[in-house]
Each structure stands twice: as structure tokens, then as C-alpha cells.
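Chains as they are written, first to last, in our numbering: chain A, 1 to 508; chain B, 509 to 1062.
Since the hints were made in silico from the structure, they are not lab data.
Bear in mind the structure is a predicted one, so any value in this text is a computation, not a measurement.
Among the hints, a few may not be true.
[To be verified] Partner residues are not named here, just some residues of chain A that face chain B (Cβ under 8 Å, in silico): (1) 2; (2) 9; (3) 13; (4) 15; (5) 17; (6) 19; (7) 20; (8) 21; (9) 24; (10) 387; (11) 394; (12) 396; (13) 401.
[Unchecked claim] Simulated crosslink set (BS3-like; lysine-lysine; CA at most 30 Å straight-line): (14) B:625 / A:31; (15) A:381 / B:832; (16) B:985 / A:141.
Virtual Cβ for every residue (Gly too), placed ideally from N, Cα, C.
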Amino acid sequence: MENWSLVSICVLFGLTARWAVSLNSYSGAGKPPMFGDYEAQRHWQEVTYNLPVHEWYFNTTDNNLNYWGLDYPPLTAYHSLLCAHVAKLINPDWVELHASRGHESYGHKLFMRATVLVADLLIYIPAVVLYSFYLSEGSNKKKVFLCILLYPGLILIDYGHFQYNSISLGLALWGVVVLGLGWDVLGSLAFVLSLNYKQMELYHSLPFFCYLLGKCFKQGLAGRGLFLLVKIAVTVLVTFALCWLPFLSDPGQILQVVHRLFPVGRGLFEDKVANTWCSLNVLIKIKTILSTDTQLYISLTTTLLAILPSSIKLLMKPTLWQFKLALVNSSLAFFLFSFQVHEKSILLPALPVCLLLNDLPLPAIWFLQASTFSMLPLFLKDGLLVPYVVTSLAFLFFSIYLLSALEHCSEDKLRLGPYRRLLICIVRRYGYLSNCINKDHFYFSITAMAGLSFMSVALAPPAQLPDLFPLLVSVFSYLHFLGLLLYFNIVQIAEPPQSVRKNQKKSN
Amino acid sequence: MCYLYVEVHSVISIPPRLIHRGQASVYDTGCVMATPRADDWSWFPALALGVSFLKCILINAYHSTDFEVHRNWLAITHSLPVSKWYHENTSEWTLDYPPLFAWFEYSLSHVAQHFDKEMLVVQNLLYTSPATILFQRLSVIVTDIVFIYAVKECCRSVREEKGSKDLLGHPFFILAALLLWNFGLLIVDHIHFQYNGFLFGILLLSVARHLQGRHLEGALLFTVLLNLKHIYLYIAPAYGIFLLRSYCFTEDNTDGSVRWSSFSPVRLVALGSIVISVGALSFGPFIAMGQLPQVLSRLFPFKRGLCHAYWAPNVWALYNMVDKALSVLGVRLKLLDVAKLPKASMTGGLVQEFQHSILPSVSPSITLICTLLSIMPAVLSIWCRPRGARGFLRCLVVCALGSFMFGWHVHEKAILMAILPFSILAVESREDAGIFLMLTTTGHYSLFPLLFTAAELPIKVLLMLLFTLYSFTSLKKLFRGSLLNPLETTYLLGLVAVEILCEVVYPLSPWQHTMPFVPLLVTSVYCSLGVCYSFIRLYVSLLRQHGTDKHKQL
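Could you build the full structure based on these sequences and the hints that come with them?
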């Protein structure tokens, strides 16, 4: 069969799965007075449509910031405005100021779900198509495409819980794809747009920066490299300026927006997140012992330390392969160590991990499954148990079957060969790590996830430990993330020069 | 039960097989799909599991009143003695399937009580707790294992031609995909809600057994099927004549006509005892209780009208349309008096009789005669010139389609009875593939009105596109060339226009309130053209084969 028809079939299948998930409940459905993210998005439409731009981020009589105040960058606000105009055409009640608060109806749900689907179809899916067919190697292109499309975490959050991650992640992916194809200026443009849609994209910013800077260095900072650097810098600044144009007239506006984007006062972490601080909190009550400022400094320092090695390596070897690994390492380090992390932020490392599905099937699938699992408490709260179970099983099955993941666990396939040569003297440690990622451990971990999922659903927690299961879920996922962060770092750092050249040739 | 076991076994045996392959070639490129071997069926569970996941994800989708129908039957069979099953009428959805299906519901109800006991109370009308939905949906998905096994057996019986090395280009792979991922079955069973997958599984298994020459098993399965759902009576003539002619007579004359002396009474007795024993098992208890008339009156409710609320795309839809057109024309030209016309509620929504104003009314006996006449040539052809199990299969499709075209109170869902068995023929011959594409696309599109809720609109459109795109590209590749002529292509593209007109443009127009039935009418009439055309082409292909056979003999 021709490529185009297979691609269309995969896309149609992916869209069907997405829409089928969207038939389920969303966050905060029927839960006044605050509802959930669905209401937040609807409220932003209401605010952006009815209020002038300079009131969007300010607390006014018409804009109560304590009720889902806008706390995403301007592009999100513009997107809300666009959706609001469409909503106004269909049914003015949906965006009426004040009166529409907490509006829920069959028609409105359809409308909101459709906006997600449209955004996904326009931004994320084309980027995945381009990535799988132009930048992934080998004969597995279509299979990789289908697997990336079926990643359950993103589907469940966007189409179940309700968010527009496919826009920010899609724009970031466009950045990766365009950079991979060699258009540096366009790539930085796409990434700046993504950053202006969701500030969480900062998790990806350092690899973008290092990759581009490294390229400039390679071309020689005295000549063409400098020219490239200037071009990129101008693009970034101009794009930023355009995105923030309505707010530039008044410095107070800018400060207020920045203040809304980075709410430092909200503490080190909220709820149960599978990161270091929440897991450490089981042993030491960090939140009570340390002051907020100390927490901020500690998290900043550890995050910087964790991303430093991969960034330096990328700066020295700016290849696509290094870039992808650095994206994983940086965003995962941010997720594990930075300040005020949400459980949904695991989607940020998950995106670059999807790009590694072809090269490192087993670790990538493992990570993606763990990331979906780590959001289990959220899914249960939203009533998404059935789609969670089905999409997770489907993804596990399809990815393992199509990518023959379990056959590719030899040392070479896991790219740990160089690591052995590097650390040949420390035999014991080598043996430990290379044995860690294998089929048996994978089966064990998947079984444990299934068991924990079952217990979270079926068993009532003991009275004195009401958060027992969410905590177990996040600590268990945290261990996975930590181990895989180590692994991806080792793969990135230990890459020898020869394979760099091979990869470069293939990617060009 | 043994089928279940075999299938479960083959499903759970994938990981070991994969591991085994992996150990043999750790360093291969991982192209499981590119190097198929005749004995490597690891793709099959993948295809089947894939579609099962899709079914599971549709658990929370819209379900029709058929959901309540089956819940009610669970409750009836679980909480009432057998003698009351066919008398119970608390719900308007009385038990109107044959006894074996009632027993099937009875056995399901024993699992159901572990999910939610309340659904088994007859008085709990319209009861839909999450556990009830989960159970009922899962029961359809799990019993589909029969269907999956049957598809596998059908794929094994497909004639293999040398050629394409790509797994995706093999006829058996295409057949498996066409059957397992059939759009009609997915939306009728897993959104609308019915147990067709399980029933068609038995039908396809029976067909596969005939293709494999295991006729007694085939006959047994079909008898069981008849006792599960009596709509399959429509294809019983094909079975009866085929078994009589090709199984009870063991030899042919040199010109292909029947050799009367080769009649085998033993075989006839064997067949007869199968039919009678299954029938006795199913209807026996009710005959013993003297309830046979009551059961039959439930099974054959002739009080219903000629056409269902939404006209199935068949000859009667065209007939009604012509009648309507003539009456409108007559009123316009002042040839008719409006007051004298019967008040015809066209596609109003309730099942009721439609009175014709110009053309003569159609009675059940006329539809029966028309149906019999329409299938007669096909049945005669397999009597005079039997062409083995494939000739039988073609005759079966003609019977199914003929009864769909001319039957009394036909449901649009009945088109699946022709589409599914026809898939087997479609992957074996180029001409059939062309007819198949016409029939499937129009037939599937005619199922669209089943799902009328806005939330399910994207699902049905996406799934329809998915299936249609796959069937077109895969069959085109299999037979290396275009299968439809420009006129047919134009007609099928017209379906897109009809869809946009009916579901997007018309609801926005002012006529939506005054004449809400128009979209259904347009869909039904437009689709019936395509179905009639496919029926005629199918008939021509059958009779032409008959002619060429004769020619060869001379």
C-alpha cells in the first residue's frame, strides 16, 4: 500500500482514539464552585472576549484572579480569544461575562472538545508526521508514527482532563523538526511561539539554546557563526516582542504578566507529584523545615546541577541525536528538581522521549508508560479510569509489538557499549546498570503498575493514611524517572565520536 | 467452548512467540511485518487486539434502546421461570429472539450478577448504572472472540496467489482487516449495541467449515445460528439447497447435472438429525409447555410496517419515494384531491404502517413472493451447476441481499449479512472486489442514521473514512488497478455531498423544523440506488458464471 494511505489510516485511527476518549468526563465536571481545568479554559475565553487586553492579567471587579485567573503567556490568551469568537457565533451564553461562570452543557462540551481536536490536527499531528518520515531512521517510520500518535498521556490529558498541551508541545516539536531539517531561524521561531503559549516550555529551552549556540560555535564565532547567532537572536526578540505587543506599552503590565506566570508563593510542590521533593517529603518534611526562599534556592541549584552535564555535552556536539537526548535530560531534570511542578508537566519530558522510540524502544516505552501511570490519581479524580486502562494497554501492546521492543535489549541496542568502554575499570557498576534495563525488570515494573492501579481503584486506604495510594504511585513513578534520567544521561554523555558522525550523516 | 479455548490460547501465546523470534535474531532490523511466513500468524492477534482496544474505548459512547432491550432480556431470563420468558411484557421490549438466544442471555446474567444485581430486576426499566454499562459492553466485546476465531478460520481458507511479499498485500491479511475492522459491525455492536459480532462469528465459522469441506460442522453451526436469531432464515435456502445438492448427492454427471443414483440417505439422515436435535433442544421445552404459538407470535410480529421508521435502502424505499413523488405531482397538477389522500407520516420515528397513495399497497405476502422470486435463480443455479463452496457462498450473499432488497420490515443493519460473507469473495476475484466496494460503501453509509447524536458524529465519520480508505487502497493494490468505473466513483463521491447536505447544511436551514424527515429520506433513497445497482451486478456476475460454465460443457 502507498505511504499516503497508510499515514492517513494511522492519522484516522489516532483521531478516532482521541475523540473516543473525549466522550468521557473532564476535570471538574459537575463540581462547583471551582470546577476544573475545563472551566478554567472556558473562563479564559469569557475573560479575553469581554475585557480589554490590559485587564486580562489584573485583578479587577470584572476579573477575579482567584477564580481561574489567566496564568499562561499571551499566546494562550489569544487562542482563548479566538475560541471565544467562535463560541460567540454558536451560542453567546457560553462566553457571557459573569453569567456564564460554571457553564456546562452537552453542546458546550462538544465545542470545547472540538477545539482541542482542531488544534491537535493543525499543529501536533503534522509535526509528528514530519518528524517520523523525515527525521527517524530505518524502516520503522510508519510504526514509530503510530506509536507516537497513540501515546496515552497526552491523549488523556488533552481529551480527557482537558488542556491544550498539543499546541505547546506541537510547536516545540515543530521547532525540533525544523531544526533537524536545518532551518535554524524557523526552528527558533517555532520554539519561541511554544514558549509563549505555555511557560512550562522553559523545561526545553536550555537544549534549544545550547544546540543553536553550539552550531554557531562550530561555524566559527568570528564569521558565519556570528551571523547565524545574530539572525537567531533577532528572530527570538522580534517574535517575543510581537507576542507581547499589547503589553509592551506599560512596564507594569509586563511585570504583572510575569508575576502571574511564575507564582513563586505557591510552594515547592502541590498535590502528589512524582518528583524529588514530593518523594523526599515522605522522609523529611521539607515544606515545614525550610523557608520558601531556601526551598527555591535548593531546587534551583539541584536543577542546574542536573542539567549541566547534558547541556555542556550538547554545546560541544550539537547533533540532532544529542539534541533529542538533551531535551529529555533537561526537561526530566526540571520535572524532578525544579520548583512548583505539576504532575501534568511529565508530558514535557514525554515528548522528546517519544522521539527516541525508534532508537531506544524499551527505555522509551518504559518511560512513557511510567509517565502515564504517574498521572493515575488525576485520572481517577476525573473519572477517566476506563480510557486510562484501555489506552495504556493499547499503547504498551502496539509499541512493544510494532517496534519489537523486547528484542532490542542488548547492550549495543541500549547504546551502553560506549559506557562500558568508558568505565571499564569499575566493573561492578557497569554490570549493575546494564542489567537494570532488561525484560524481566520491565515485566516486573509493568505488573507493579497494574497492581498499584488496581489497588488505587479497588481498595479503600487506611484511615490514618488517606493519601497512601497516590503517594505510592508517585514514589514508584519517581524511582522510574530517576533511573531513566541517569540512563539517558549516560547514553548522552558516553556517546563516542564515531557514532556522532554516523548519526550526523543520517540526519542530514 | 473449545473455540473459545483455542482463541484465548492463541491470543495469550503472542509474547512467548515474540520472545522466541527475538532470541533467534537479536540483531535483525525488527521488521516483523515485512517478512511474513505462511505459518507466522503473529500479526493476527495484533489486528484482533487492536480492534478490541478500539471497542473498549467506546464503552462510554452513546447506546441505543437496544441496550435496554438486552438488559431487559437479561432480567427476564434471570429472574423468571422458563415458562414465563415469552409471556413477560412489563417492558415494551419483549423477548423476540429464538430460545437459544434466551439461554445465551441467561448464561450472561450469571456473570452480570457479579457486576450489578439491580440490572437483573425486570421492573428496573432503563436502568443504566456504570457497572451495567461496563458489563453489557464487555459482554459484546468478549463474545466477539467467536467472531475473531471465525475470521481466522476464513483467512486460512482463502486461496493464496503467489506474488506480493509484503504482508499487507496478502489476501488473507486484507480479509482479516476487512472483517475484524468492519465499520458496520463496530458501530452497530459497540456503539448502537447488539450482539451481531458473536452471531456473525458463528455464520462465518459455518461458511469457513464449508470452505474446508467439513459440511456437517457447518450445518450444525448454522442450525445453532438459526436458533439464536431467526433473521438468518433469509439465507437458509442457500444452505438447504447446497447441502442437499452437494452433500447428499455425492457424484455429478459428466455435464455437471445431478446424478440421482448417487443419493446418500445416510448423509441426509445425518443432516436431518442435526437440525432436529438442535431444534428440539431449543424449541422442545416450549412445545412441551404448549407455548409454541406464543413464541412464534413473538418471533414474527407482522403487525409492523413495510418499512422501518428509517427506510432501509432497498426496493421499497424507492417504491415509497416514487409513490410520494407521484402524489405530490398529482396534487400539483390538480389530478388528486389532498383530502382523499391517506395521512402518510413518512419517516416519523415510530414503527407504523405507511399507506401508499398512488401505487398499490404492499402486503407481507407480496414481499415474501418478491423475495423468493429474487433468490430463485441463484438457488436454482447452485442446484443445476454446483460450483463448490464458493458457489454456495455467492448464493448465500445473493439470498441475504435479495431478502434485504425485498423483505418485509427490513432493518438497515441487515445489510451486514451480505457485506461480511461477501468480503471473502472480494479478496479472491477482481470483479467481486469492485461490487464489494460499491456495496460496502453505500451499505455502510446507510448505517449513519443509526448514530444521530452530535458527539458520535466524528466517530462514525472517522471510522467510516478509516474503513473505506483501507478497503479501497488495499483491494486496489491486491488487484493492481482501479476497480470502479468513473460513474461508480462519482456516485460514491456523491455520498460525501449527501453527508454534508444532510448533517451539516440541512439542520441549519429553516426546513429542519417543517420537514425534519428529508435527510433520512435522501440518505435512504440515495443509498438504495447503490445497493440495487450492486445487487444487479452481483446477479449478473453469478448468471454469467453460470453461462460460461454451460458454454464450457458444450
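These are the hints, each one checked on the structure:
1. 2: holds, 7 Å
2. 9: holds, 6 Å
3. 13: holds, 6 Å
4. 15: The hint holds - residue 15 of chain A has a Cβ within 8 Å of chain B, the shortest such distance being about 5 Å.
5. 17: Cβ of residue 17 of chain A sits 6 Å from chain B, so the hint holds.
6. 19: Where the cut-off is 8 Å and the nearest Cβ of chain B is about 5 Å from residue 19 of chain A, the hint holds.
7. 20: Holds - the Cβ of residue 20 of chain A comes within 8 Å of chain B, reaching about 4 Å at its closest.
8. 21: holds, 7 Å
9. 24: holds, 5 Å
10. 387: holds, 6 Å
11. 394: Given a least distance of 4 Å, the restraint on residue 394 of chain A holds.
12. 396: violated, 10 Å
13. 401: Holds, because the Cβ-Cβ distance from residue 401 of chain A to chain B comes to roughly 5 Å (cut-off 8 Å).
14. B:625 / A:31: Satisfied, since the Cα-Cα distance of roughly 29 Å is no more than 30 Å.
15. A:381 / B:832: violated, 55 Å
16. B:985 / A:141: Given that 30 Å is the threshold and the Cα spacing comes to 21 Å, the pair holds.
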